[in-house]
Structures are given as C-alpha cells and as structure tokens.
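S.K.: Sequence:
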Amino acid sequence: MKNMTRVQSLVICNSEGFEYYSKILEGNTITYEPILLSGFISAIGALGRQLFKADLATIHFDNNAANGNSPYNIVIVTKDFYQNEKRIHFVFLVNGIVDIKEIRKFCTEAYINAKEFFFREEKVRKKDLDDKIDKVVGAFFM
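Position 57 of the sequence shown, counted from 1, bears residue number 57 in the working numbering, the numbering being contiguous throughout.
The reader is advised that the hints may include incorrect statements.
[Said to hold, decoys possible] Listed next, the in silico DSS-like pairs over lysine-lysine satisfying Cα-Cα at most 30 angstroms (straight line):
{"#": "1", "residue 1": "K86", "residue 2": "K126"}
{"#": "2", "residue 1": "K53", "residue 2": "K101"}
{"#": "3", "residue 1": "K105", "residue 2": "K53"}
{"#": "4", "residue 1": "K115", "residue 2": "K132"}
{"#": "5", "residue 1": "K135", "residue 2": "K101"}
{"#": "6", "residue 1": "K23", "residue 2": "K132"}
{"#": "7", "residue 1": "K23", "residue 2": "K79"}
{"#": "8", "residue 1": "K86", "residue 2": "K101"}
{"#": "9", "residue 1": "K53", "residue 2": "K127"}
Everything labelled a hint here was simulated from the structure, so no lab data went into it.
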C-alpha cells in the first residue's frame, strides 16, 4: 500500500460517532474536526448498511482532477462486534488511487490486534489502543 494508496489520515470511531483513534499520516493540508467527521461517518455507515447491505463505502471528490491534481477519497470500512452488537468504522482520507484490497487488509489486521481495547474504560483504553493501532499503521503506511 505504501506505493499506491496515499492515506493522509485515519479515524476509527464507533457507530455512535465516538472517536477511538485519529492520526494524520501524511502532510495533510485538509483541516477537519474529527468529532464532526466521525458523526458524519456513522451516518454514512448506517445508511450504507441499511440501503445497500455493504460494509465498505467510498466517497469520491474529484474537483481538483481537472487541474492535474489527484482526487480525494473518503473510504469507510465497517467491522462488526457481534457479541456486543457494536460497529467500528475505519475511515481513511486518501489522496489519489485507493487500493481497496490493502485497505481491507489493514482494517482486518488493526481489528485483530486491537479489538480487546475497544471495550475498556476510556483512561485505560486510550494509550493501549493507540500503541496497537500505531504499530499496524507503521507497518502499512509509513
């Protein structure tokens, strides 16, 4: 994925919009409020599930492509915790080509490595979760 998909930032949130993890990976010039983004993503995720029965959504912004710039994409991958009836959304802001296979592979790896931390108390969870996700981010995107 390092050669193809340019992930500029990553947000992991639950279906209620609570942000678990947020990281800017590449000189991101886009500024946004992570809480607003996670609420928006929760709505998109719920709508995609209800209308299309899909666990992956891509929102494509192509207004810069006419000027020779790469398009921006928001990619959302949803993972279910069936035992708790919860959903976790992995949200990627990507500049350029999106390799869906690699994005899914990253989400599966992050989910496997950090799933136990999503249900801990906030103070205990934050540092442990950040450490686990940072390791996977480093392996895939840095």
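S.K.: Work down the list of hints and note, for each, if the structure agrees.
M.R.: Comparing the hints with the structure gives:
no.	hint	in the structure
1	K86 x K126	holds (18 angstroms)
2	K53 x K101	holds (19 angstroms)
3	K105 x K53	holds (20 angstroms)
4	K115 x K132	holds (10 angstroms)
5	K135 x K101	holds (19 angstroms)
6	K23 x K132	holds (13 angstroms)
7	K23 x K79	holds (19 angstroms)
8	K86 x K101	holds (24 angstroms)
9	K53 x K127	violated (33 angstroms)
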